[in-house]
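Asks: Residue strings, one per chain:
Protein chains: 2
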Amino acid sequence: MMHVRRLTKSDGRKLVLYGRAPLPESIEAPSPAGETPRAWPELRWHPLRAEWVIVSAHRQGRTYHPDAAANPLAPTLDPRRPTELPQGPWDMAVFENRFPSLVAWDDPAAPLPQDGDAWPPRAPARGVCEVVVYAQEADTSLGALPLDRIELLFEVWADRTRELGERHFIEYVMPFENRGLEVGATLAHPHGQIYAYGFLPPVVAAELAQQALHLEVTGHGLIGKVMDNERADGRRMLFDDGTSVAFVPGFARYPYEVWIGPREPLRRADDVDAPTRASLARALKTVLLRYDGLWGRPFPYVMVLHQAPTDGRPHPEAHFHLEFYPPLRAPDRLKYVAGAELGAGTFTNDSLPETRAAELRAVAIEEPAR
Amino acid sequence: MMHVRRLTKSDGRKLVLYGRAPLPESIEAPSPAGETPRAWPELRWHPLRAEWVIVSAHRQGRTYHPDAAANPLAPTLDPRRPTELPQGPWDMAVFENRFPSLVAWDDPAAPLPQDGDAWPPRAPARGVCEVVVYAQEADTSLGALPLDRIELLFEVWADRTRELGERHFIEYVMPFENRGLEVGATLAHPHGQIYAYGFLPPVVAAELAQQALHLEVTGHGLIGKVMDNERADGRRMLFDDGTSVAFVPGFARYPYEVWIGPREPLRRADDVDAPTRASLARALKTVLLRYDGLWGRPFPYVMVLHQAPTDGRPHPEAHFHLEFYPPLRAPDRLKYVAGAELGAGTFTNDSLPETRAAELRAVAIEEPAR
Chain A
-3 MMHVRRLTKS DGRKLVLYGR APLPESIEAP SPAGETPRAW PELRWHPLRA EWVIVSAHRQ
57 GRTYHPDAAA NPLAPTLDPR RPTELPQGPW DMAVFENRFP SLVAWDDPAA PLPQDGDAWP
117 PRAPARGVCE VVVYAQEADT SLGALPLDRI ELLFEVWADR TRELGERHFI EYVMPFENRG
177 LEVGATLAHP HGQIYAYGFL PPVVAAELAQ QALHLEVTGH GLIGKVMDNE RADGRRMLFD
237 DGTSVAFVPG FARYPYEVWI GPREPLRRAD DVDAPTRASL ARALKTVLLR YDGLWGRPFP
297 YVMVLHQAPT DGRPHPEAHF HLEFYPPLRA PDRLKYVAGA ELGAGTFTND SLPETRAAEL
357 RAVAIEEPAR
Chain B
-3 MMHVRRLTKS DGRKLVLYGR APLPESIEAP SPAGETPRAW PELRWHPLRA EWVIVSAHRQ
57 GRTYHPDAAA NPLAPTLDPR RPTELPQGPW DMAVFENRFP SLVAWDDPAA PLPQDGDAWP
117 PRAPARGVCE VVVYAQEADT SLGALPLDRI ELLFEVWADR TRELGERHFI EYVMPFENRG
177 LEVGATLAHP HGQIYAYGFL PPVVAAELAQ QALHLEVTGH GLIGKVMDNE RADGRRMLFD
237 DGTSVAFVPG FARYPYEVWI GPREPLRRAD DVDAPTRASL ARALKTVLLR YDGLWGRPFP
297 YVMVLHQAPT DGRPHPEAHF HLEFYPPLRA PDRLKYVAGA ELGAGTFTND SLPETRAAEL
357 RAVAIEEPAR
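First to last, the protein sequences are chains A and B.
For the first sequence, my numbering begins at -3 and goes up steadily by one.
For the second sequence, my numbering begins at -3 and goes up steadily by one.
Derived from the structure by calculation, the hints contain no laboratory data.
For every residue, glycine included, the Cβ atom is placed at its ideal position computed from N, Cα and C.
Among the hints, a few may not be true.
Sample of chain A residues lacking proximity to chain B, with all beta carbon distances greater than 12 Å (derived) [what the hints assert, rightly or not]:
1) R16
2) R77
3) G84
4) C125
5) E151
6) H210
7) R293
8) T344
9) T351
As a list, the in silico DMTMM-like pairs of lysine to aspartate or glutamate whose alpha-carbon atoms are at most 25 Å apart [as the list claims (entries may be wrong)]:
10) K5(B) x D144(B)
11) K5(B) x D103(B)
12) K221(A) x E159(B)
13) K221(B) x E38(A)
14) K10(A) x E38(A)
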């Protein structure tokens, strides 16, 4: 059972509280800023890459490693110094980013789109950017949460995918998390983000095209084939309870890359039922505990959720799953994304995925329990 | 006039010395290792991205921030402690990387390619990885070199493109430089690299496809159109002598992204004549001096050279140019490539390209002189 309260901050931004316990009617939405700066990020067309670049000049002033007393993701203790979140029995919370790269662009004050003849071609950067706060405590982490709280996160992702996806201008909802200084997290409080895009992002479009091609040619889903092949090989599996799997893919671009998903080709986060959610939570917690246990330190990563677009088409080729891209190749060594990766698109994995999977499998963890 | 000496190290790796002065016959090629570890990097197919991942497990042991006495890119002073390079009047040097991601795979000892039924699909990672040493001195930089030495680098790139491109298994030659700790450079001695690929890398293939489409539809090159539009706009130009241009593109993905190229659609580095080379050297030095002058510190960047493939086809759509991707958005703040970039392929530029270009234009530099 999930309780939900949908609120609006004084500056117009939305706040949604989620909890296992009932949420009192009296809760109000605080905001650390009297007024949020209005900004109109734009898209500019990159003609060689044939993709949009988001230009969002107002983000330079965003919050950057505040001290604990100024943590905007902690509940408000002193009403004279409001944070982004109220006190109360909520377990997770989602609010609109104060410094969004994408905006709804539905304000009457919004400027008219630029002339189509301008160089470079431009368009409004339509979308919604949200922050997903995983817990009230600043010193915990996603992997440290009990299983029913991790299940709640899958419910939150489902709710956000549904609610954001229903807006007419949203084509794709992507939850993700940048964890650790190494990938640029500017707040230590455990949280993720959601970018809801007004256009289909290029990596997503390219992957869906391959999935659609595979479905058309073989009659089966491509992610399901990857999962079947990894299960048959077995050397890179990290979790498999028959319902969900977690594995280092044999074609991993990052040394400790991991994919997690349901075996059934559920298209979106809001297609997941309760038993599958329970299984996925165990898979996710298992991977996160192995990550943090590997070197006895919080393990930095980029986590992204890939799913079907919300563009109104059926997308039978889609298969909802999580991908982790950890930036480290050793406890003190980054795998840099530099000339070969950025300039040519070629990733070099300096290790065998089989070896890295064996390292993660060897990490002793307690069986994830409630 | 460029003098060239082509040598072979005792471990079989090639070394090429380049200089403005004659290079004595007596120069021999040292090697810091009695034996270079044989390795057989492989390609593994990423079915969702439809691209090859290079898996090269032996690279974990590569040189990592050695102290000055162990700098492998300095000339050998003590024959009992050989570096990668000899003493002598050379100005620039190129040698095969000891820890390559790509190898010629023409050794009789090479293993047979894997079974095509294996999961994931595999292939030999064919290619050549070279190191390009810009100077004998460890404490200089590309931008600090005199103009005729920067011209020499364009000649070196031309020589490498020609020689590597003539090998039957090389489809694409990409010179690049990762400068600074922020992009993972592990040696401070000024140097770049060359990856000569046995396949067309995905970013290059995607950009060439857009260029070919534009040429077919309009009869003109796409890079030339970008240059013409940037010249007509003017606000983002950093250099323009009629022959070569340097500018922050209006669609920049990185705050201080810069492109440099000849206006004439020369396809490859080895199509450049002497007057154009002189112009390009002035453009490149101008940009590098502005970068280092901006904050009074060595400015980190990824620099890549894009040009026509060496696959035997004419590629009239190609137009040789340099692209710079600097990782900083402020003197102490990185622009991280994280969730949105890696997971969705969407880049957010937190500043207006016009503003960044104006900052670079305002840096006072002496007119680049010989």
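Asks: Each of the hints needs a verdict: does it hold here or not?
Replies: We went through each hint and held it up to the structure:
1. Against chain B, the non-interface label of R16(A) holds: every CB pair exceeds 12 Å, the least being about 27 Å.
2. Distance check for R77(A) against chain B: the nearest CB is about 26 Å away, which clears 12 Å, and the non-interface claim stands.
3. Distance to chain B confirms G84(A) as a non-interface residue, since its nearest Cβ pair spans about 29 Å, more than 12 Å.
4. C125(A), annotated as away from the interface, has a beta carbon of chain B within 12 Å; the closest lies near 9 Å.
5. The beta carbon of E151(A) sits about 21 Å from the closest Cβ of chain B, which is more than 12 Å, so the claim that it is off the interface holds.
6. Not every beta carbon of chain B lies more than 12 Å from that of H210(A), the smallest distance being close to 7 Å; the non-interface claim is violated.
7. Remark: the non-interface label on R293(A) is consistent with the geometry, its nearest Cβ contact in chain B lying 19 Å away (cut-off 12 Å).
8. Not every CB of chain B is more than 12 Å from the CB of T344(A) (nearest about 4 Å), against its label as outside the interface.
9. The claim that T351(A) lies off the interface is violated: its Cβ sits roughly 7 Å from the closest Cβ of chain B, which falls inside the 12 Å cut-off.
10. Among the hinted pairs, K5(B) with D144(B) is inconsistent with the structure: their alpha-carbon atoms are about 28 Å apart, more than 25 Å.
11. With a C-alpha separation of about 16 Å, the suggested pairing of K5(B) with D103(B) holds against the 25 Å cut-off.
12. Restraint check: the Cα-Cα separation between K221(A) and E159(B) comes to about 42 Å, which exceeds 25 Å; the hinted pair is violated.
13. Proximity of K221(B) to E38(A) is assessed by CA-CA distance (about 22 Å); at most 25 Å being required, the pair is judged to hold.
14. At roughly 22 Å between alpha-carbon atoms, K10(A) and E38(A) fall within 25 Å of each other, so this suggested pair holds.
In terms of the numbered hints stated before, the structure departs from hints 4, 6, 8, 9, 10 and 12, listed from lowest to highest.
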